[in-house]
Each structure stands twice: as C-alpha cells, then as structure tokens.
Amino acid sequence: MDLNYTPEEQAFRAEVRAFVTGHLPADISAKVKSGKRLHKDDFVRWQKVLHAKGWGATMWPTKFGGTGWSAVQQHIFEEECADAGAPLQLPFGLKMVAPVIQAFGNQGQKDYFLPRIVDGTDWWCQGYSEPGSGSDLASLKTRAENKGDHYVVNGQKTWNTLGQYADWIFCLVRTSSEGRAQEGISFLLIDMDTPGITVRSIIMNDGEHEINEVWFEDVKVPVENLVGEENKGWTYAKFLLGHERTGIAGVGRSKAQLKHLKDIARKETSGGRPLIEDARFRDRIAQVELELMALEITNMRVLSAEKEKKAPGPEASILKIKGSEIQQTIAELQMHALGHYALPWLQEALDPAWHGVPVGADYAAPLSGHYFNYRKTTIYGGSNEIQKNIIAQMILGL
Amino acid sequence: MDFNYTDEQNALRDTLARFIAKDYPFEARRTLAKSDAGFSRDHWEQFAELGLLALPFPEDFGGMNGNAVDTLLVMEALGRGLVLEPYLSTVIVAGGLIRDAGSDAQKEAILPAIAGGELMLALAHYEPGARYEVSRVNTVAKPDGNGWKLSGAKAVVLGGGAADKLLVSANTGKGISLFLVDSKAAGLTVRSYVTQDGGRAAEVRLDNVAVKTDALVGPEGGALPIIERALDYGIAAMCAESVGIMAALDEATLEYLKTRKQFGQPIGRFQALQHRMVDMVIATEQSRSMAMMAAVKADSTDAAERRRAISAAKAYIGQQARFVGQQAVQLHGGMGVVDELNVSHYFKRLTMIELTFGNTDHHLGLFSDTLLAA
Chain A
1 MDLNYTPEEQ AFRAEVRAFV TGHLPADISA KVKSGKRLHK DDFVRWQKVL
51 HAKGWGATMW PTKFGGTGWS AVQQHIFEEE CADAGAPLQL PFGLKMVAPV
101 IQAFGNQGQK DYFLPRIVDG TDWWCQGYSE PGSGSDLASL KTRAENKGDH
151 YVVNGQKTWN TLGQYADWIF CLVRTSSEGR AQEGISFLLI DMDTPGITVR
201 SIIMNDGEHE INEVWFEDVK VPVENLVGEE NKGWTYAKFL LGHERTGIAG
251 VGRSKAQLKH LKDIARKETS GGRPLIEDAR FRDRIAQVEL ELMALEITNM
301 RVLSAEKEKK APGPEASILK IKGSEIQQTI AELQMHALGH YALPWLQEAL
351 DPAWHGVPVG ADYAAPLSGH YFNYRKTTIY GGSNEIQKNI IAQMILGL
Chain B
1 MDFNYTDEQN ALRDTLARFI AKDYPFEARR TLAKSDAGFS RDHWEQFAEL
51 GLLALPFPED FGGMNGNAVD TLLVMEALGR GLVLEPYLST VIVAGGLIRD
101 AGSDAQKEAI LPAIAGGELM LALAHYEPGA RYEVSRVNTV AKPDGNGWKL
151 SGAKAVVLGG GAADKLLVSA NTGKGISLFL VDSKAAGLTV RSYVTQDGGR
201 AAEVRLDNVA VKTDALVGPE GGALPIIERA LDYGIAAMCA ESVGIMAALD
251 EATLEYLKTR KQFGQPIGRF QALQHRMVDM VIATEQSRSM AMMAAVKADS
301 TDAAERRRAI SAAKAYIGQQ ARFVGQQAVQ LHGGMGVVDE LNVSHYFKRL
351 TMIELTFGNT DHHLGLFSDT LLAA
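Residue numbers (the numbering used here), protein chains in the order written: chain A, 1 to 398; chain B, 1 to 374.
Hints were generated in silico from the structure; no laboratory data involved.
Hints may contain errors.
As the list claims (entries may be wrong) - Reference listing, derived: stretches of chain B covered by chain A, where coverage requires no fewer than 3 residues with Cβ under 8 angstroms from a Cβ of chain A:
#1 250–263
#2 290–298
#3 309–319
Stated by the list, open to error - Only pairs whose alpha carbons sit at most 16 angstroms apart, straight line, appear in this in silico EDC-like list of lysine to aspartate or glutamate:
#4 B:Lys34 to B:Asp197
#5 A:Lys262 to B:Asp2
#6 A:Lys220 to A:Glu208
#7 A:Lys262 to A:Glu277
#8 A:Lys307 to B:Asp2
#9 A:Lys31 to A:Asp111
Values in this document were obtained by computation on a predicted structure and should not be read as measured data.
By construction, the Cβ of each residue, glycine as well, lies at the ideal position given by its N, Cα and C atoms.
Can you make the complete structure from the sequences, with help from the hints?
As structure tokens, this is what we get:
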C-alpha cells in the first residue's frame, strides 16, 4: 500500500494538465469558473475535444473506445479537468446508458450507440423516475405494449435532467404486470424525435431550466431498441445506478469548489479582517476539508477494488452519501461567506452575454442559487436514505 | 498509488488476528487490567517472539525495517484486542524517537533491548497546566559538572510506571532538550495509576535528578521537532488503533442488531437502527482512509506536510470514533453500559485516545490554522 503518486502517475498528471489547459476553450472555462449558465454547445464542444484526443470515455474499457485507465488515472483526470474549469462530462450517455449497453446490449446496439456517445453526437437523458415512482422506482407505470415489431409506449417520466437537449432517452417501462413489480420492467432506448413525445420544462428553485417532464402518448419504439431481455430491465437499472453513484462522489469538483470557497473567504471581510481569519468560519471550512480528504482516499479504495471485480458494488453508496453531503456543505459555506450579499438574486448575471454591474463581489451572483440547486444531490440517484437501505441490506445483511 | 497489502503484510495481519483471538480473550484481558502491573510480561515476550517489538526499527539495530503500513496493521490488531501492554509508549513513541533522533551509541544501547523485550521506555514530555501545548516545557536542566540536573513535573506519562528509562524533556537555557533518565535515578518520583481505559500512566516529579552528558538525545535546545515527530508517529498509530476498535464495535453492534429481539423481531429490522448502523460503518471506512493517510504521511520528511496530515487525521478520527463509540453503546441498550461486555471497554479506549496527544478541538484548530497560509 502506498498513497503517494508514483513517478508515472505524476507524469500522467502533467500530461493531462498540459492537454486540458491547452485545449479547453477559454470561453467555456471562464463560464464554469464564474458560475455562468452553460449551454448544450459548451458540453458538446468539450466532449469533441476530448474525443479527438482519445479521452472521450475515460471510464470505458479500451475495446469499446475507452481509455482503460486505472482508478487513480481517472481520479487524476477528473481532478485536473475540474481544476481547469472544464464542464462536467454529462453522465447520462457516458456513465449510465453506455455501461448498460456494453454489458447487456446486442452487437448492433454497441456498434451504433457507443461511438455516437463518445464523439458527442447523441445527447442522452434518463427516463427513470415518474410522478408516482421516486424512491419506490419499481412501482413505475409507464407501459410498453409489445406489438411484434414495435412497442407502444404510454406514460410519463419526470426529473429528466437537460432532457430539453436530448436526442435519446433510456427508459424503464412496464412490459408485464405479472409477478413482483421488479419482474415486469424492461429497458428501452427511445429516439426523442419519435411522434407522441412531449417535453415540458420544470423550473428549479434557482430559477433555472435544468429538469423536465417527458410525456409518452402512443409512442412507437422498434423492438430492436430493447436492451437485453424483456422483463429483465430491473437488473440493468440497478447496474446502471451503481455506475451513477460512483460518478457522483465528485471528489475532483469538490476540491475545486473548496479552493473557490477559500478564495472567497480570503476576499470577503469581517470586522475589517479577511473572513478566513474568523476562526468560527475557518473551522467550518476545515471540517468539510477533513471530510473531503477522507473521501478522496475512500473513493480510490472503492474504485480500485471495483476495478478488480469489474462492476460497482453497494460500497458505491458510501461514495454517493458522503460525496453529496460534502458538495452541499461547500455550497452552503460559499453562500454564507457572502453574508448579506447572498440575498440579491440577479439571474441575468448568469448569462455569459451579460456585462452589467454586479451587486456585491463579482463572484457572488451564482452562489445562493447553487446552494438551493444543490439540495438535489442528496435526493437524486437514489436518495441518501435509499442508499442507506442499500448498504444495510446488501453489505450488512440487515 | 497502491491500495493492496503485500503478501508479508497479509501474513502479519493473519498472525496478529490469530494471536488476538487465541491469546488475548476479553475475559483474560479484563482480569489483566485489574492486576497490579496492568499488563503481562508473558505477552510482552510473545510480542518479542512475533517480532512486533523489533518491527519499526532498522535491521542494523536488531530491527525488522518495518514501514508505516506495517505499524498500521499492528495497531489495528492491538486495537481490536484492547491490548494493554505498553506497545504505543515503548515501541512507537519512545522507540521511534530514539530510532529517528538517537546517536548510534544510543540506538545500539536501546533499540535491540526494546526489540528483545528487555527494555521499556516512556516519553515524559507533557506537563501539568500545559494541556496539549507541545512547546511549553517548564522542567529545567541545569549544567552540573559532567552533565545536567533536571527538575520539574511531567503529566500523564503513558506507560511511565513500567518504564526502565524515561525520555524527559527539559529546558537547558538553549531551549528544549531531551534526556534519557533511569527510572531508579535519585530524585525521580513516579506515581503510577490506572487510566479510564484500563491502561497505566504516571505523574513524574524530578528533583535535581542528575544525568551524564551522554544522556542528551538529539541536539541541546533542538528537541522540539524531534518530540513533535515522535508524537505524530504515536498519533498515526493511535489512529490505526482507533480504526481497529471501530471495526470491532461495528461487528459487535451488527451482530447484536441481528440477534437481539424486541417486538417479536430482530431490532435490526427497524430502519432507524439500520441507518444508524450504516452511519457507523461509513464513519469507520472514512476513518480507515484517514488512518492510511496518517500512516503514510507520518514518514514524510516535510514536517509541515506531516503535521497538517496528522492533525487532520487525529481531529477527524476523533470525531468519528466518538460517534461510533457512542452509537455502539446506544444500540446495545443497557448492555452497552455494563462492565461485563467488551463494548463499554472499546468505548472507553476510543474516548481516551481522543483525549491523548491533543484532543479533537486541539487538532482541528491546528489544521484549521494551516488554512491561513495562502
């Protein structure tokens, strides 16, 4: 055991840093670092840059066009990307549907979909939750009737993150009402241009359009778009959630946000002195840094072990719980660092084209909205309470 | 980075696990804690035979060249066994100090003797009224012919009663210095007592205790960094010990949740208790990560980096261990607060670790203050 980076890993970090800082478009990193609103094109441009370098899918095995990197290499990559102000590589295609297609899809699906995910052609969104099926996901009611060469889908999905841009949606649908609820679910890939699909925006607590509802009315989906076997979708769904959980530990991004928090605490003043000299506030920063230091190592311990087992286990739930709590705490401290300048809500200031006069410090505008928005992190991907159920049942046998 | 143990380390871990399970049962440990000495010379000899007493020392001085990870494994196992023998005070702290700062003659005289189980040592540094402040030393060493005369008082010296020699810090006028003092020296009073966790510590008084020139360890006036390093090494070891105890408490509590029945079912069926148990396991795994970091950084030659990491680990593990200890007691109900079950003993040991060599607040403060440096 050795927690120090090897010379090879240090050289790898230098290589990643040189590439990322050299090829990340400056306008994109400026938006990310100042908390401005990102558009579809920003995500896609960055994905294409990475793909051109062969780094489009760092978490995939090489046989599918991934890099085949170790857990440590991936961690270094994520840390460097976050530090440079790169936009998050959206997980819906790369980290969610792709591993399912790789593990359970047929050759045609692998050949068609995987290259289009890694090169940024297709934008994916997730069709899991329904208005009546949140934590109890298996109770989902969206139906798919098998008509021989196609399914007819009817129902409603919700919380579809950035679904307004999506070319494709992967959906859990009910294909049978027999037996246990989990046994009648199938995993369908649906083209968002199919007639009968309606996307309606949901505005979040920060005033932003990030999530949607997707309605299906007699939507015809070719049977070729079924992944794996009919009525086996729950197995694939759980497999996918395991992958999602590891992604949302977000250590690299939290380190970048912690750095931002410290910068803010040095610039803000309290009693005529830098806020960071206020021990009461500084200790709160120190506390979350301790949590993050521990999580960074736990994250790599879990991912390294999983690398050998080839699939995420229930331990990933630990990463989700701690990662989301840390993200929320940092967002909370960033907001509190502003004092009363947390109050102004200048939504126009999030527009990259806005060049108005800020109220308070130039870094202030996005922080409160970020705090409110980030309450989502302990809810999505299986709420943290559901994660605890998973650990209790799968690891502890309770 | 590499998260795997070597084959030798896996073998060491298995050996220790067998030793604790077979030769260190809880009931015998409970009796031993109440004995006069508070530990067993027979166990100490077994430690010597197993190579534990030689582990962290260089081969040139009868040691086994073990690294920080080896120590981590040993301390985890000793934690699980609630081992009473003064391994931390003799081998880790005082032995580590001689290894890192002793002259060749001192290493030659001391390390093989520790490794063989013939010599016990203790660091007598903290003082009454100084709380956790490492740099506050009121004990004085006055030059006296062919050496010095030491006078002062030392507080809560771990393993002080059993020690054949004490490493005493004192101010010579040139600054903090360290001296090897024989425990039978004239003018030395050692008042040994039982600690809350069943261990032993002592209040030490020095009244004109004479030592020779060769008793000086490290440079005159330059002992503070040496002491800090030895304490940090001890803290890293206690972090690992804590993790061993936390894992043992998690196992005991989980077993209890599965077997204890109320309302006609195992209490582990209740979600409130399930989630508490999960929080305990998460706290333990996060602490394990921090203990690994502390072990690795304890060897760092960059003192500032080492200090920051050690305080981070001590503060964090202190908090998490308090949580695990308190909740293990809570989930055991009344059985959690009785003397006959190991749970209360694990809890007490964790609690005393939190208060040793700087408590959680102290180390959180030290870590927090490093944020002031840009």
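The hints, checked one at a time:
1. 250–263: holds (count 3)
2. 290–298: holds (count 4)
3. 309–319: That given contact holds, which follows from 3 residues of the stretch 309–319 of chain B lying within Cβ reach (below 8 angstroms) of chain A.
4. B:Lys34 to B:Asp197: holds (11 angstroms)
5. A:Lys262 to B:Asp2: Violated - the C-alpha atoms of Asp2 (chain B) and Lys262 (chain A) are around 30 angstroms apart, more than 16 angstroms.
6. A:Lys220 to A:Glu208: violated (32 angstroms)
7. A:Lys262 to A:Glu277: holds (11 angstroms)
8. A:Lys307 to B:Asp2: holds (13 angstroms)
9. A:Lys31 to A:Asp111: Violated: Lys31 (chain A) and Asp111 (chain A) sit about 35 angstroms apart, past 16 angstroms.
The earlier numbered hints that this structure contradicts are 5, 6 and 9.
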